[in-house]
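In case you want the letters, here they are:
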Amino acid sequence: MDKPVVVIGAGPAGIRACETLAGFGVRPTLLDESQTWGGQIFRQQPGNFKRGFKDLYGFDAERAENLKQTFHKIREQIDYRPQSLVWNAEQNRIDILHKGKTEKLQWSKLIVASGATDRVFPFPGWTLPGVYGLGASQIALKYQACAIGSKVILAGTGPLLYLVAFQYASAGANVVAVLNTAPVSARMKALPKLFCLPGQLARGMYYVSWLKMRGVKMMDGIQIMRAKGETRIEGLVIKDASGKIHELECDALGFGYGLRSETQIADLVSCQFNFNPVQRAFLPAKDLSGKTTVDGVYLAGDGSGIMGVEAAELAGQRAALAVLTELGLCSSKDSGVVRQIQEIESRLQTISKFRAGLEEAFPCPENWIDQLQDDTVVCRCEEITYGDIKQTVLDCNVKEINRLKALSRSGMGRCQGRMCGHATAEILAHLTGQSLQEVGRLRCQPPVKPVPISVVADASLSQESA
Amino acid sequence: MSQPEPSSKRSKAGLFQRLKELDRPDVEFFINGDKYLAKLGDTVLTAILTNQTAVRKTEFSGQARAGFCLMGACQDCWVRLADGQPIRACSTMIEQGMQIVTNFAQGNNHG
Numbered sequence: 001m002d003k004p005v006v007v008i009g010a011g012p013a014g015i016r017a018c019e020t021l022a023g024f025g026v027r028p029t030l031l032d033e034s035q036t037w038g039g040q041i042f043r044q045q046p047g048n049f050k051r052g053f054k055d056l057y058g059f060d061a062e063r064a065e066n067l068k069q070t071f072h073k074i075r076e077q078i079d080y081r082p083q084s085l086v087w088n089a090e091q092n093r094i095d096i097l098h099k100g101k102t103e104k105l106q107w108s109k110l111i112v113a114s115g116a117t118d119r120v121f122p123f124p125g126w127t128l129p130g131v132y133g134l135g136a137s138q139i140a141l142k143y144q145a146c147a148i149g150s151k152v153i154l155a156g157t158g159p160l161l162y163l164v165a166f167q168y169a170s171a172g173a174n175v176v177a178v179l180n181t182a183p184v185s186a187r188m189k190a191l192p193k194l195f196c197l198p199g200q201l202a203r204g205m206y207y208v209s210w211l212k213m214r215g216v217k218m219m220d221g222i223q224i225m226r227a228k229g230e231t232r233i234e235g236l237v238i239k240d241a242s243g244k245i246h247e248l249e250c251d252a253l254g255f256g257y258g259l260r261s262e263t264q265i266a267d268l269v270s271c272q273f274n275f276n277p278v279q280r281a282f283l284p285a286k287d288l289s290g291k292t293t294v295d296g297v298y299l300a301g302d303g304s305g306i307m308g309v310e311a312a313e314l315a316g317q318r319a320a321l322a323v324l325t326e327l328g329l330c331s332s333k334d335s336g337v338v339r340q341i342q343e344i345e346s347r348l349q350t351i352s353k354f355r356a357g358l359e360e361a362f363p364c365p366e367n368w369i370d371q372l373q374d375d376t377v378v379c380r381c382e383e384i385t386y387g388d389i390k391q392t393v394l395d396c397n398v399k400e401i402n403r404l405k406a407l408s409r410s411g412m413g414r415c416q417g418r419m420c421g422h423a424t425a426e427i428l429a430h431l432t433g434q435s436l437q438e439v440g441r442l443r444c445q446p447p448v449k450p451v452p453i454s455v456v457a458d459a460s461l462s463q464e465s466a
Numbered sequence: 001m002s003q004p005e006p007s008s009k010r011s012k013a014g015l016f017q018r019l020k021e022l023d024r025p026d027v028e029f030f031i032n033g034d035k036y037l038a039k040l041g042d043t044v045l046t047a048i049l050t051n052q053t054a055v056r057k058t059e060f061s062g063q064a065r066a067g068f069c070l071m072g073a074c075q076d077c078w079v080r081l082a083d084g085q086p087i088r089a090c091s092t093m094i095e096q097g098m099q100i101v102t103n104f105a106q107g108n109n110h111g
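Going down the list, the protein sequences come from chains A and B. 448 is the number that my numbering gives to position 448 of the first sequence; each next residue is one higher, with no gaps. 38 is the number that my numbering gives to position 38 of the second sequence; each next residue is one higher, with no gaps.
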């Protein structure tokens, strides 16, 4: 086979996919933007750091250790390429940036495990230094052994909120307050669904009670009004569940509302997308095996819908089995394979029920748009404000998200709408009285991330290699 | 060129607080020509933000920014090396003697 099976992303999904492929004698090419394996969840600290996995990953230490051992076991059986950014993708071919040079690579099958980022919505002051995503706050600690500040507020919603608060407080950071935008009642209502993974539920409850016992200020059903400060955040103004305004002093804020999938590569290879009302996002369509609407393209992990780490590992295995079947290297009639597939799919179903519970317990806030001022920046890259967007919608009678991007530049900057795209869509829906589905999906353009202009020029001039 | 400031003074001046892994060798580097200390294994972002409160100013309004996502997605932590090369601070490791420029001309930050 001259063209390799290519796996994008060396997180839990990508590594498990490679393990399964290697088990059947396939040598996949594993491309990863980072310097080390692990993805964001198991991001590896620099080599001269000494903390152990228990310290870094807590209850997930064993999972991390297993993944590490797997990675080292298959290391020689795969073509692992760290620091390799896939910045463009077409059907059968991708462009990779590695140490300032670009290379084209043709693939026979493609498994995309591109992961997720924090889902964030703007509020006045969110661009101030000291304001970070929740996942970002966690990375500061696990990758750099730092807290984002000396008086840290953690806010938003989602299971990450309490996990990061627990990790920060355990590591000796000063956590001023943990503020959940979801009401307690939402969690109570979701309990029956959350009970389908009792271990996961117990962890969450442990973090909350541990924080309470330590006397960390915890509030539910709050609303973020604005961050105060001139050149850095100095305080956070919130509204509590009863409508009372509070002003909390801090010098850092980590916030987020769950995660959002990184779907750019699936988009560039022309996968069909469907609107997912639970995740409030357009996601690439896939079947139970991860197979997309594009021949040979499979998806696994949080990059195609938020399901968490265990599901990512399973989906990586499942997608690899589908690839192997398509290549004729394993038979879907083989009883061992059939059993493995059944086990994976049944477990994924349980996890998906649990995820539905999490979405109920930690719902995406709905009233954040009310807090925006005309001068609140929505698009961080191009510094497009809420007022700019309102004016564009009014002046040009815009109803569709890509049209709004073209006319206002919101979502046109270097991040390609990663940070503001979903917020802009929600704002457009709000302003025009349409549903989120009706305003449409922000299309991705190459390069997926900034690359030197010389690289793009080289890529368009050079002959295909591989 | 100034001498590196003592670390006690620096932690108050910066945004990020070191919690663990303190026992690492120092690395000298420069921000806009002034000498600072980081630790081996720091990213450029950590190196700057344990000394200062911002890594760049935006092209349009000149607002201070200090990164946001820390995972290479938001593109809000680009700085330059003295030779003009743009680097993403959150995903580049600090090196001995590195010359970082954060006060380059506005509107010229697109690499």
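Treat the hints with care, as some may be off.
Claimed, not checked - Restricting the straight-line Cα-Cα distance to at most 30 Å, the calculated cross-link-like pairs of lysine-lysine (DSS-like) are: (1) A:Lys68 / B:Lys35; (2) A:Lys54 / A:Lys73; (3) B:Lys35 / A:Lys99.
These are calculated hints, taken from the structure and not from any lab test. Bear in mind the structure is a predicted one, so any value in this text is a computation, not a measurement.
Hints that the structure is at odds with (numbers, increasing): 1
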